[in-house]
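Residue numbers (full-length UniProt numbering), protein chains in the order written: chain A, 1 to 396; chain B, 1 to 396.
The reader is advised that the hints may include incorrect statements.
Unchecked claim - Covered by chain A, according to a simulated footprint, are these stretches of chain B (three or more residues, beta-carbon under 8 Å):
(1) 43-51
(2) 63-70
(3) 255-262
In case anyone wonders, no lab produced these hints; they're calculated from the structure. Keep in mind that this is a model prediction, so the values were computed, not measured. Note that CB positions come from ideal geometry on N, CA and C, so glycine has one too.
Listed here are the chains, written in short residue letters.
There are 2 protein chains.
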Amino acid sequence: MAKRPAFADWLDDTNDVTRMFLAAGQIPGLINLAGGLPDPQLYPARALADLAHAALTETPQDALNYAPIEGYGALRDALATRYETDKLKLTRENVLITSGGIQGLELIGKVLLNEGGAIATQTPTYLGALDAWRPRRPTYRPMRPDANDFDPAVALRGCQFGYTVPNFSNPTGKLVPTNVRAALVEAAQSTGTWLVEDDPYGALYYDETPLPRMIELAGDGAPYDGPVIYLGSLSKELAPGLRIGWVIAAPEMIAKLTLAKQGSDMSTSGLSQVLTLRTFETGLDARVLPDILTLYAARRDALCAAMETHLTPWFDWEKPVGGMFVWAVARNPDFNTDDLLQAALRAKTCVSPSSVFDPLGEDRRAIRINFTLNSEPQLAEGIRRLAVACQEVDLR
Amino acid sequence: MAKRPAFADWLDDTNDVTRMFLAAGQIPGLINLAGGLPDPQLYPARALADLAHAALTETPQDALNYAPIEGYGALRDALATRYETDKLKLTRENVLITSGGIQGLELIGKVLLNEGGAIATQTPTYLGALDAWRPRRPTYRPMRPDANDFDPAVALRGCQFGYTVPNFSNPTGKLVPTNVRAALVEAAQSTGTWLVEDDPYGALYYDETPLPRMIELAGDGAPYDGPVIYLGSLSKELAPGLRIGWVIAAPEMIAKLTLAKQGSDMSTSGLSQVLTLRTFETGLDARVLPDILTLYAARRDALCAAMETHLTPWFDWEKPVGGMFVWAVARNPDFNTDDLLQAALRAKTCVSPSSVFDPLGEDRRAIRINFTLNSEPQLAEGIRRLAVACQEVDLR
């Protein structure tokens, strides 16, 4: 047989992280603190079973026919209502339903990036966003909103868009403060740059009052046409397996994203959309949320207590007020968390090293630890094992 | 506010067809013969409601958690078994679950096309495939498998892949004969080119015994590693709203498509996948199929009878032995079916003009007529209106 044609060039850019984590999944007894998964025991499966049965018997065509590319009208209306404020005026023309949050990111890349296009991204940043944009081989300009000399206009000028996760950033778990949010919005307006507000963790505030969304700050009381492209998701608030996300943006952007979605998957599952609408209508998501917050807050506390006991010789961190992650930075700038991961796997635990969250792949000094998936005893044991791994790296 | 950045260049290449068809949907009393939709009354909604309830109560984690990127193992196994023959040896490593058939096409473009990459495509061809690949701005080499001088090796050599719909091609409704299938497979092997076999209509044979699939012809009794990339879908056999498709290909190709899918939507709806598995396990799809075939065959006959009565002055066509479409070619080479569509809309009916199925956008001589969505009286009335439109174009 003749030699087959080469694969597309961007596939040369992929790293081994996914393969490594998949291999980790095969280790018996591993305590996985690396992922970003909800605890499946929180999914309201029985309530969803009843809603699915009702959806398929009462509105079978909505559930089983091709949905409109941009999503069901009633669900788009429900989301417009959900996010509307006095200043932020929304209609369904501002809303696109996506097949999970990551599809929103991919579609934004599709409509805004020619090969090599420039993105200003909060750094460290979400690994999945880098995956979504890799086929366009973008250039990245790092943004560090917590740096003293951060100038949003300098960061955004000349880029196709800026990318931020203002609530409990993946990976750092930190909040972008309100004044920086406002400055980013103002810079997006003054430079004409689009500004992506990726917000999968926005409901997961454990201790504090939620800060205003950037898209709210961009609202001016007129029908929304601002530069902020907001991404929401059902994955962290209800269940990821339904693959439902949404984009809220200027109608011009929604129209282009719709064109791009047509060639990606035509439309999002009708069954999942009808189920999401019924979830909102019956208030199921609101009923589930208090249990989610209680469980995750307790786990965050348990994780931080275990870290206090075991990791202080090596790491500094801040206790996050929400989200799913603690970000720990090594005290010694020469500490290499890629090496730590290898040692951690030998000790039967697993965290995410900072290199995978750096668009330039350089940061080796930090780790991301998840606290939502494992029980309190598992978290404590995982951190004990991580300390064993730290000792091993230390002694090399 | 400053001027916003330009959208990606490929968006300049999109045509107005979608917008025109969407506008057509607003015309009261329109009989739409343009689409390619199943008849929703055939969806087994009650049976699916029971299966969905059972899936969410009995295997809630499979339905509600993130599915593996490549799809549920049990569903991949079921599809490997479904397609396996004596010569075609398959395991789950040969199978990827996709969010509908069009995602399979998009992922193939993602992993095989750099900007401007070459595709040899059966012409006329599926509009959705053109949409899926447009962001990569490919170059197209038309393949006409029914031409007397068709040479598959000449067509495929130097291309990244060939694209065919051998069963009831969209738009022509024709079969690629077995000897041409075999010649295409042989040419793919001798030239080292990938060969995409897109098969959404493969179950819709009304009169004849199904021809062998190209992927079967490529099987040699060893674990499958051939050049044919087969795409299947649940959309035409059960219901499109679940958004379930599958790719069957060499493990090397499945691995690359999986990498691409990770950045597209992470995974396909778990609920839809579990529902599909239970559909296969309970034989629901097989129980539904006879009713689908009976209804669609009768409608095909009704459509062709109406065409015989009304369209013979203007068009020639062959009665298809399966699928969803009749392809009618104008007797007069100067007949312009783009103009016909405008006249048809005024007469309150709608067909698809050949220009949209031509990768080069040039063919103006034919139309695609769908017979699966409308009742027999609607089909007859739609064709009567189309004849009125033909008369109008004729008289200009």
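Hints, one by one, checked against the model:
Residues of the stretch 43-51 of chain B lying with their CB closer than 8 Å to a CB of chain A number 6, which satisfies the three-residue condition for coverage. With 5 residues having a beta carbon nearer than 8 Å to a beta carbon of chain A, the stretch 63-70 of chain B meets the requirement of three or more and the stated coverage holds. Restraint check on the stretch 255-262 of chain B versus chain A: 4 residues with Cβ-Cβ distances below 8 Å, three needed, restraint holds.
Of the numbered hints stated above, none is contradicted by the structure.
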